[in-house]
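Asker: Below are the chains, spelled out letter by letter.
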Amino acid sequence: GESVGLHLPTLSVQEGDNSIINCAYSNSASDYFIWYKQESGKGPQFIIDIRSNMDKRQGQRVTVLLNKTVKHLSLQIAATQPGDSAVYFCAEAISSGSARQLTFGSGTQLTVLP
Amino acid sequence: EPEVTQTPSHQVTQMGQEVILRCVPISNHLYFYWYRQILGQKVEFLVSFYNNEISEKSEIFDDQFSVERPDGSNFTLKIRSTKLEDSAMYFCASSDPPNPDRREYFGPGTRLLVL
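Chains as they are written, first to last, in the numbering used here: chain S, 1 to 114; chain D, 1 to 115.
Okay, chain S solo, but in the shape it has when bound (with noise of 0.2 angstroms):
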């Protein structure tokens, strides 16, 4: 039979383009944040992570902000390139305790045109 999935965001960026991926998570009490990367038939990849006690985090050509109030998170990729082509996860937890549980977002497929 057919399969249903999510209808997944797309982003297309001409390369060398900065890229906003944006991100809304849903509980006020996470106070962690990640961003995977996940190329086809892959696992998720680390990106870069935040936590509630900030607003910004820079890595090399990317940059996270949080925005607690309204509960947004964002990836910043500067200068995109081809190997960026993949979906972006944002991904939220509660720290507290020792195993901590990730509840991914959806995704966004970034595209990167020549």
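Don't take every hint at face value.
Here are the simulated BS3-like pairs of lysine-lysine, each with C-alpha atoms no more than 30 angstroms apart in a straight line [what the hints assert, rightly or not]:
1) S/K71 x D/K57
2) S/K56 x S/K71
3) D/K83 x S/K71
4) S/K56 x S/K68
5) D/K78 x D/K42
6) S/K42 x S/K71
7) D/K83 x D/K42
8) D/K42 x S/K71
9) D/K83 x D/K57
10) S/K68 x D/K57
11) S/K68 x D/K42
12) D/K78 x S/K42
13) S/K42 x D/K83
14) S/K42 x S/K56
15) D/K42 x S/K42
16) D/K57 x D/K78
17) D/K42 x D/K57
18) D/K42 x S/K56
It should be emphasised that the hints constitute simulated quantities derived from the structure, not laboratory data.
Place chain D on chain S using the hints.
Answerer: Just chain D now, with coordinates in the frame of chain S:
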């Protein structure tokens, strides 16, 4: 960089059969997880495991599922009697003990197809 490995990469099984998915977490990690991703859908938490017992499990992780750490290196997920809706990618993950910089490392996944 150390990595989580999973076997097999693909598994095809008949409905009602038992399957065991295997994972080798990163060697000094103490927390182990299984997640699944049905085609085109979100990655979903199944279970976390620490100190030889389940820490948390989701509603998906019913009596048909079990996890085990049979030795010092492997971490397995067993589905006793597979259903069509168990078809998904299953990801194993592991993480350090709680510390400010800990993160979860995911394996490449096992694609399970139940016919």
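Asker: Confirm or reject each hint.
Answerer: Here is how each hint holds up against the structure:
1. S/K71 x D/K57: 25 angstroms, holds
2. S/K56 x S/K71: 14 angstroms, holds
3. D/K83 x S/K71: 36 angstroms, violated
4. S/K56 x S/K68: 11 angstroms, holds
5. D/K78 x D/K42: OK: D/K78 and D/K42 at ~21 angstroms, within 30 angstroms.
6. S/K42 x S/K71: 28 angstroms, holds
7. D/K83 x D/K42: Holds. D/K83 to D/K42 sits at ~19 angstroms (cutoff 30 angstroms).
8. D/K42 x S/K71: It holds: about 19 angstroms lies between the C-alpha atoms, which stays within 30 angstroms.
9. D/K83 x D/K57: 19 angstroms, holds
10. S/K68 x D/K57: The given pair, whose Cα atoms are some 27 angstroms apart, holds under the 30 angstroms limit.
11. S/K68 x D/K42: It holds: about 22 angstroms lies between the C-alpha atoms, which stays within 30 angstroms.
12. D/K78 x S/K42: This hinted pair holds, its Cα atoms lying about 21 angstroms apart.
13. S/K42 x D/K83: With a Cα-Cα distance of about 24 angstroms, the restraint between S/K42 and D/K83 holds, given a limit of 30 angstroms.
14. S/K42 x S/K56: It holds: about 28 angstroms lies between the C-alpha atoms, which stays within 30 angstroms.
15. D/K42 x S/K42: 14 angstroms, holds
16. D/K57 x D/K78: It holds: about 14 angstroms lies between the C-alpha atoms, which stays within 30 angstroms.
17. D/K42 x D/K57: 17 angstroms, holds
18. D/K42 x S/K56: Given pair D/K42, S/K56 holds - Cα atoms ~25 angstroms apart, limit 30 angstroms.
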